[in-house]
Amino acid sequence: ETAVFQTPNYHVTQVGNEVSFNCKQTLGHDTMYWYKQDSKKLLKIMFSYNNKQLIVNETVPRRFSPQSSDKAHLNLRIKSVEPEDSAVYLCASSPDYYAEQFFGPGTRLTVL
Amino acid sequence: GQQVQQSPASLVLQEGENAELQCNFSTSLNSMQWFYQRPEGSLVSLFYNPSGTKQSGRLTSTTVIKERRSSLHISSSQITDSGTYLCAMGDTNAYKVIFGKGTHLHVLP
Chain Z
37 ETAVFQTPNY HVTQVGNEVS FNCKQTLGHD TMYWYKQDSK KLLKIMFSYN NKQLIVNETV
97 PRRFSPQSSD KAHLNLRIKS VEPEDSAVYL CASSPDYYAE QFFGPGTRLT VL
Chain F
5 GQQVQQSPAS LVLQEGENAE LQCNFSTSLN SMQWFYQRPE GSLVSLFYNP SGTKQSGRLT
65 STTVIKERRS SLHISSSQIT DSGTYLCAMG DTNAYKVIFG KGTHLHVLP
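Going down the list, the protein sequences come from chains Z and F.
The first sequence begins at 37 in the numbering used here and counts up one residue at a time.
The second sequence begins at 5 in the numbering used here and counts up one residue at a time.
Treat the hints with care, since some could be wrong.
Per the computed footprint, the stretches of chain F lying under chain Z, defined by three or more beta-carbons under 8 angstroms from a beta-carbon of chain Z, are [stated by the list, open to error]:
| id | region |
| --- | --- |
| 1 | 8-15 |
| 2 | 26-38 |
| 3 | 66-72 |
| 4 | 77-84 |
Computed list of lysine to any residue pairs in SDA-like fashion (alpha-carbon distance at most 20 angstroms, straight line) [unchecked claim]:
| id | chain 1 | residue 1 | chain 2 | residue 2 |
| --- | --- | --- | --- | --- |
| 5 | Z | 80 | Z | 122 |
| 6 | Z | 80 | F | 46 |
| 7 | Z | 80 | F | 77 |
| 8 | Z | 76 | F | 102 |
| 9 | Z | 77 | F | 100 |
| 10 | Z | 77 | F | 9 |
| 11 | Z | 107 | Z | 144 |
| 12 | Z | 80 | F | 108 |
| 13 | Z | 80 | F | 9 |
| 14 | Z | 72 | F | 15 |
| 15 | F | 70 | F | 57 |
| 16 | F | 105 | Z | 138 |
| 17 | Z | 72 | F | 102 |
| 18 | Z | 60 | F | 7 |
| 19 | Z | 76 | F | 15 |
| 20 | Z | 76 | F | 12 |
| 21 | Z | 77 | F | 64 |
| 22 | Z | 80 | F | 70 |
| 23 | Z | 76 | F | 105 |
| 24 | Z | 115 | Z | 133 |
| 25 | F | 100 | Z | 115 |
| 26 | Z | 72 | F | 95 |
| 27 | Z | 72 | F | 88 |
| 28 | Z | 88 | Z | 122 |
Hint data in this document are derived by calculation from the structure and do not stem from the laboratory.
None of the values given here were measured: they were computed from a predicted structure.
C-beta atoms are modelled at their ideal positions from N, C-alpha and C, and glycine is treated no differently.
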């Protein structure tokens, strides 16, 4: 039963374009996350939001920016994509930081 | 260095055999979670187990904080258990969640 929703499932774009990924959770959680899973399958956290407040901003390139309208939504925008941005981007939520996390299905980005 | 080490990196079993997956961490933790990653990439939470032992069907998770390790035991493995198992810990000191590189399990008929 899916409670963390991500759109789109897949996105193919060219270098230099802007992309935006959406994430919504219906669990009533206070904390949401964005992770990047690269070709080696290692999951790395990019951003964490707790009730709309940015908690952790890992050293990701400045072209990445999280956007949150409320605690149920956390979107990810990439201003000018580069080939190394090709990866699967996973959104997750948890009741609070360090609590059990629930993941969305992921968005696979391919940059040509 | 890597703060979360998973072992083995890969494991091949005959159906019916048991599996023991390990997750060792080098810093103090606030949380520990085990996931199964499906072939298409989605993550399924198996256990949230910051300490002690939890069981669900054929799966058992044990976390021993003072020994800085957590394990996932799969009994009587089935072909459908094949996939990648990931552990993730919450780092108390750095206020972030860190994933291991995963154990790739392949169960043969």
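So, going through the hints one by one against the coordinates:
1. Only when three residues or more bring their CB closer than 8 angstroms to a CB of chain Z does the claim for the region 8-15 of chain F stand; here the count is 0, and the claim is violated.
2. With a cut-off of 8 angstroms between beta carbons, the region 26-38 of chain F has 3 residues touching chain Z; three or more are needed, and the interface restraint holds.
3. Closer than 8 angstroms: that is the beta-carbon criterion, and the region 66-72 of chain F has 0 residues meeting it against chain Z, so the requirement of 3 is violated.
4. Check result for the region 77-84 of chain F against chain Z: violated, 0 residues qualifying (beta carbon to beta carbon below 8 angstroms, three or more required).
5. A distance of roughly 14 angstroms separates the Cα atoms of residue 80 of chain Z and residue 122 of chain Z; the hinted pair therefore holds under the 20 angstroms criterion.
6. For the given pair, residue 80 of chain Z sits about 15 angstroms from residue 46 of chain F by alpha-carbon distance, which is consistent with the 20 angstroms threshold.
7. Straight-line distance between C-alpha atoms of residue 80 of chain Z and residue 77 of chain F comes to about 25 angstroms, which puts the hinted pair past the 20 angstroms bound.
8. At roughly 15 angstroms between alpha-carbon atoms, residue 76 of chain Z and residue 102 of chain F fall within 20 angstroms of each other, so this suggested pair holds.
9. Simply put, residue 77 of chain Z and residue 100 of chain F have alpha-carbon atoms about 19 angstroms apart, close enough for the 20 angstroms limit, and the pair holds.
10. Our distance criterion of 20 angstroms between C-alpha atoms is met by residue 77 of chain Z and residue 9 of chain F, whose separation comes to about 14 angstroms.
11. Using a Cα cut-off of 20 angstroms, the hinted pair residue 107 of chain Z and residue 144 of chain Z is violated, with the two alpha carbons roughly 24 angstroms apart.
12. Between residue 80 of chain Z and residue 108 of chain F, the direct Cα distance comes to roughly 18 angstroms. Compliance with the 20 angstroms bound is thereby established for this hinted pair.
13. A hinted pair counts as satisfied when its Cα atoms are at most 20 angstroms apart, and residue 80 of chain Z with residue 9 of chain F qualifies at roughly 14 angstroms.
14. Using a Cα cut-off of 20 angstroms, the hinted pair residue 72 of chain Z and residue 15 of chain F is violated, with the two alpha carbons roughly 25 angstroms apart.
15. A distance of roughly 14 angstroms separates the Cα atoms of residue 70 of chain F and residue 57 of chain F; the hinted pair therefore holds under the 20 angstroms criterion.
16. A distance of roughly 19 angstroms separates the Cα atoms of residue 105 of chain F and residue 138 of chain Z; the hinted pair therefore holds under the 20 angstroms criterion.
17. Between residue 72 of chain Z and residue 102 of chain F the alpha-carbon distance is near 12 angstroms, which keeps this suggested pair within the 20 angstroms criterion.
18. Restraint check for residue 60 of chain Z and residue 7 of chain F: the C-alpha separation of about 30 angstroms exceeds 20 angstroms, so the hint is violated.
19. Annotation: proposed proximity of residue 76 of chain Z to residue 15 of chain F holds, straight-line Cα distance about 17 angstroms (limit 20 angstroms).
20. A C-alpha spacing of about 16 angstroms is found between residue 76 of chain Z and residue 12 of chain F, which places the hinted pair at or below 20 angstroms, so the restraint holds.
21. A threshold of 20 angstroms between alpha carbons decides the hint, and for residue 77 of chain Z with residue 64 of chain F the separation of about 24 angstroms lies outside it, so the pair is violated.
22. Taking the CA atoms of residue 80 of chain Z and residue 70 of chain F, the gap is about 25 angstroms. The hint is violated against a cut of 20 angstroms.
23. For a cut-off of 20 angstroms, the pair hint linking residue 76 of chain Z to residue 105 of chain F stands: about 8 angstroms separates their Cα positions.
24. Proposed proximity of residue 115 of chain Z and residue 133 of chain Z is contradicted: the alpha carbons are some 28 angstroms apart, above 20 angstroms.
25. Distance check on the hinted pair: residue 100 of chain F and residue 115 of chain Z sit about 25 angstroms apart at the alpha-carbon level, beyond 20 angstroms; violated.
26. Straight-line distance between C-alpha atoms of residue 72 of chain Z and residue 95 of chain F comes to about 18 angstroms, which keeps the hinted pair within the 20 angstroms bound.
27. Restraint check for residue 72 of chain Z and residue 88 of chain F: the C-alpha separation of about 16 angstroms stays at or below 20 angstroms, so the hint holds.
28. For the suggested pair residue 88 of chain Z and residue 122 of chain Z, the alpha carbons sit about 27 angstroms apart, so the restraint of at most 20 angstroms is broken.
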